[in-house]
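Protein chains: 2
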Amino acid sequence: MKFEAVTIKDIAKALGLSTSTVSRALRDSYEISPETKEKVLQYARETNYRPNPIALSLKEKRSSSIGVLVSEIANSFFSQVINGIESVAQERGYNVVIAQSKESYEREVSALNYLASRSVDGIILSVSAETYDFSAISNLYNKGMAMVGFDRIAETLQMHKVIVNNKRGAYDATSQLIKNGFKNIACIASSSYLSISKERIQGYIDALQENNIKVNDELIAYCAHGGMLYDEVEVAMKKLMSSTKKPDAIIACSDKITTNAMRYCKKEKIAIPEKLGLIGFSNLDLTELLSPSLSVVRQPAGDMGKKAAELLLSMIESKRAVTEFQTVVLPAEIHERESSIK
Amino acid sequence: MKFEAVTIKDIAKALGLSTSTVSRALRDSYEISPETKEKVLQYARETNYRPNPIALSLKEKRSSSIGVLVSEIANSFFSQVINGIESVAQERGYNVVIAQSKESYEREVSALNYLASRSVDGIILSVSAETYDFSAISNLYNKGMAMVGFDRIAETLQMHKVIVNNKRGAYDATSQLIKNGFKNIACIASSSYLSISKERIQGYIDALQENNIKVNDELIAYCAHGGMLYDEVEVAMKKLMSSTKKPDAIIACSDKITTNAMRYCKKEKIAIPEKLGLIGFSNLDLTELLSPSLSVVRQPAGDMGKKAAELLLSMIESKRAVTEFQTVVLPAEIHERESSIK
DNA sequence: TTGTATGCGTTATCAT
DNA sequence: ATGATAACGCATACAA
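Quick note, the sequences are listed as chains A and B, same order.
Quick note: the first sequence uses our numbering, first residue 20, plus one each step.
Quick note: the second sequence uses our numbering, first residue 20, plus one each step.
Treat the hints as calculated values from the structure; they're not laboratory data.
Treat the hints with care, as some may be off.
[Unchecked claim] Here are the computed lysine-lysine pairs in the BS3-like style, where the Cα-Cα straight-line distance is at most 25 Å:
| hint | chain 1 | residue 1 | chain 2 | residue 2 |
| --- | --- | --- | --- | --- |
| 1 | B | K338 | A | K21 |
| 2 | B | K80 | A | K28 |
| 3 | A | K285 | B | K285 |
| 4 | A | K264 | A | K286 |
| 5 | A | K257 | A | K202 |
| 6 | A | K32 | A | K58 |
| 7 | A | K294 | B | K285 |
| 8 | B | K78 | A | K78 |
| 9 | B | K28 | A | K78 |
| 10 | A | K21 | B | K162 |
| 11 | A | K265 | A | K198 |
| 12 | A | K294 | A | K265 |
| 13 | B | K285 | A | K288 |
| 14 | A | K162 | B | K28 |
| 15 | A | K285 | B | K288 |
| 16 | B | K285 | B | K257 |
| 17 | B | K78 | A | K28 |
| 18 | B | K294 | A | K285 |
| 19 | A | K32 | B | K78 |
| 20 | A | K80 | B | K28 |
| 21 | B | K162 | A | K28 |
| 22 | B | K78 | A | K21 |
| 23 | A | K32 | B | K80 |
| 24 | B | K32 | A | K78 |
| 25 | A | K80 | B | K32 |
| 26 | A | K198 | A | K217 |
[To be verified] Coverage of chain B stretches by chain A, computed from C-beta distances (three or more under 8 Å per stretch; other residues unrestricted):
| hint | segment |
| --- | --- |
| 27 | 63-74 |
| 28 | 82-94 |
| 29 | 114-124 |
| 30 | 136-148 |
| 31 | 292-305 |
All residues carry an ideal CB built from backbone N, CA and C; glycine is no exception.
Can you build the whole structure from these sequences, using the hints too?
This is how it looks when you write it as structure tokens:
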């Protein structure tokens with residue numbers, strides 16, 4: 020049923036040549052006579068010959084494809100990263116294979132193994148919110164799999180990493196709230212395991228301290244599933260809103276936390292920013308248009324993807340082991356609204 | 020540098036067996052003695068043996084991977100579709116390879132060829148806004164490549180298709196605007212080549228006629244790049260707003276057109292929906308929270324992806340040629356805002 | 001029950 | 001300048 024594609028063997032038979040001659044002619048080898056070359060090339064063109072990449076892969080022990088493992092494809096940040104990865108990969112002749120962990124450690128490990136068993140030449144990954152044990156990743160890495168981490172990285176692992184300046188982003192966001200007169204600022208972060216959570220909280224704390232505002236642990240909440248589930252964000256919001264010093268503003272530390280926090284405010288009819296200041300990390304297309312939000316911290320997702328792909332491909336294509344690990348830190352952009360309030 | 024993975028040959032040598040015995044033992048063949056099986060299985064476990072999928076592919080003439088070609092990954096609708104595809108594919112042991120056309124016909128053809136040359140078993144695709152010549156697609160299909168179209172489909176081609184009820188979605192949206200008292204409703208569609216544009220415009224027209232409103236061609240605009248570029252949407256908006264009968268409401272026929280139309284309104288300080296009713300097709304996460312919009316037409320993107328993947332895998336895994344082509348039409352959901360205006 | 005040989009499509013290494 | 005052969009890892013038809 021499936022069309023039988025033409026192979027080197029077919030060409031050889033049709034032209035009364037050997038497969039090696041045909042192979043060499045196609046690769047424009049100097050050992051082949053111009054006439055033979057011409058004959059082969061023309062026949063190949065006529066029959067629309069295409070080399071079989073799978074046979075190539077088997078021979079060359081490489082698949083010319085890279086794996087991307089993220090928690091969720093249908094998330095604006097990750098899809099923008101994948102976009103960047105794909106653009107670099109396609110330019111360099113690589114396929115992009117995607118997998119998602121859905122914020123589950125178990126799925127992360129199985130996806131990793133799935134991608135691993137020699138079907139990809141390297142992996143770009145962002146760990147799931149559940150992950151605190153990085154042994155599956157490091158095992159794979161130690162076996163020689165080229166890997167680059169981005170966004171949610173495994174701090175303890177030695178590998179190339181691409182991140183944004185999370186601390187600075189959270190610092191700027193918090194500072195902006197302070198500048199706008201908010202006094203009692205809370206923070207909702209992703210899973211406490213994640214490095215990005217720690218960094219963003221640190222930026223938040225730094226800004227508070229610099230403005231002589233006392234840090235209150237009651238005003239920091241975490242979302243174990245990265246904010247993916249509305250319910251966990253609602254729990255966090257309720258916890259914050261019922262704390263002894265009720266917050267007048269909130270920093271939301273991810274896309275999903277931002278949108279789910281907004282859903283909560285809408286449900287509870289809490290006017291933003293009149294009743295509650297809200298500023299979030301978000302790469303959602305429309306976010307800058309949302310009247311409720313004071314402003315938005317954007318990650319340069321496309322660039323992160325491109326950079327990660329470049330690092331990965333350079334690892335894959337260099338013969339010798341990597342000895343120097345790069346951690347590329349890109350600046351987060353604060354997308355301020357034209358008119359600030361108060 | 021890259022870890023040498025253990026092969027059947029390695030196991031055979033280590034255990035003093037032949038490769039065929041090992042191969043059969045691993046596949047739990049009835050012809051192998053329990054003791055040998057046990058020995059092999061244990062050694063395989065110890066050495067963490069994983070079959071080489073590439074060798075398998077070469078032998079079985081299938082790659083266990085499917086390609087997905089969309090115009091843009093970083094688009095909420097498409098990323099939701101890919102999410103659905105990935106969930107089905109991963110369950111059935113298939114890789115998902117992604118490619119994007121960026122709304123360019125040229126890139127679409129090259130991506131198609133790229134995916135084609137035996138590196139995927141089938142392709143799920145949504146055509147680019149530029150595409151009016153479907154010969155590249157049909158050629159590939161006629162060569163035996165399993166293909167399923169979704170959303171933006173090639174009407175004239177005989178293949179499985181998964182779409183939403185576009186006409187109905189646009190009809191409902193238009194009706195809602197009429198019900199809310201808008202009199203002069205305009206429509207911005209994607210490229211006029213696309214079937215989805217035609218269907219959505221038809222739904223718009225049907226609703227107008229059913230309410231005895233005269234259809235005015237001046238009030239229909241197209242975006243050749245699917246609304247991807249802000250400028251083309253601005254041009255469309257300007258054209259509409261300066262038409263002889265200035266519209267009091269607009270139907271935006273895609274995600275990008277909706278958001279870019281909103282950007283335009285914001286830039287021009289046109290209040291929505293007080294000054295201009297706006298209702299759009301959108302799968303963006305936050306859209307339902309956007310105060311300006313009356314409501315939103317949502318496509319069941321995840322389900323479309325799942326359905327497309329199921330159709331594709333059934334084609335791939337069935338031996339004989341498909342004779343009956345399905346066109347699966349899923350309902351669009353109208354996401355009404357709680358309080359309508361006027 | 002186990003082993004040998006072949007082929008999937010390609011290229012590299014040896015011949016000729 | 002060209003051809004024969006082996007190899008990549010696996011599965012299977014055929015032998016023993």
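Within the segment 292-305 of chain B, is the number of residues with a Cβ closer than 8 Å to a Cβ of chain A three or more? holds (count 3)
Are the Cα atoms of B:K294 and A:K285 separated by 25 Å or less? Since the Cα atoms of B:K294 and A:K285 sit roughly 24 Å apart, the hinted pair holds (cutoff 25 Å).
Going straight from one Cα to the other, do B:K338 and A:K21 come out at no more than 25 Å? Roughly 9 Å separates the two Cα atoms, so the pair holds.
Do the alpha carbons of A:K285 and B:K288 lie within 25 Å of each other, as the hint requires? Status holds; Cα separation ~24 Å.
25 Å Cα cutoff - pair A:K264, A:K286: 22 Å, holds
Quick one, are A:K294 and B:K285 close enough, alpha carbons at most 25 Å? Given that 25 Å is the threshold and the Cα spacing comes to 23 Å, the pair holds.
Need the status of pair A:K198, A:K217: alpha-carbon distance at most 25 Å? Roughly 23 Å between the alpha carbons, so the hint for A:K198 and A:K217 holds.
Proximity test - 8 Å, beta-carbon atoms, the segment 82-94 of chain B to chain A, at least three hits: holds (count 6)
Against the 25 Å threshold, does the CA-CA distance of B:K28 and A:K78 hold or violate the hint? Judged against 25 Å, a Cα distance of about 16 Å means the pair holds.
Please work out if B:K32 and A:K78 have their alpha carbons no farther apart than 25 Å. 21 Å, holds
Compare the distance between the alpha carbons of B:K78 and A:K78 with 25 Å, and conclude whether the hinted pair is satisfied. Since the Cα atoms of B:K78 and A:K78 sit roughly 13 Å apart, the hinted pair holds (cutoff 25 Å).
Hint check: A:K294 vs A:K265, CA-CA at most 25 Å. Holds or violated? Given pair A:K294, A:K265 holds - Cα atoms ~11 Å apart, limit 25 Å.
Figure legend: structure checked against the earlier numbered hints; every hint is met.
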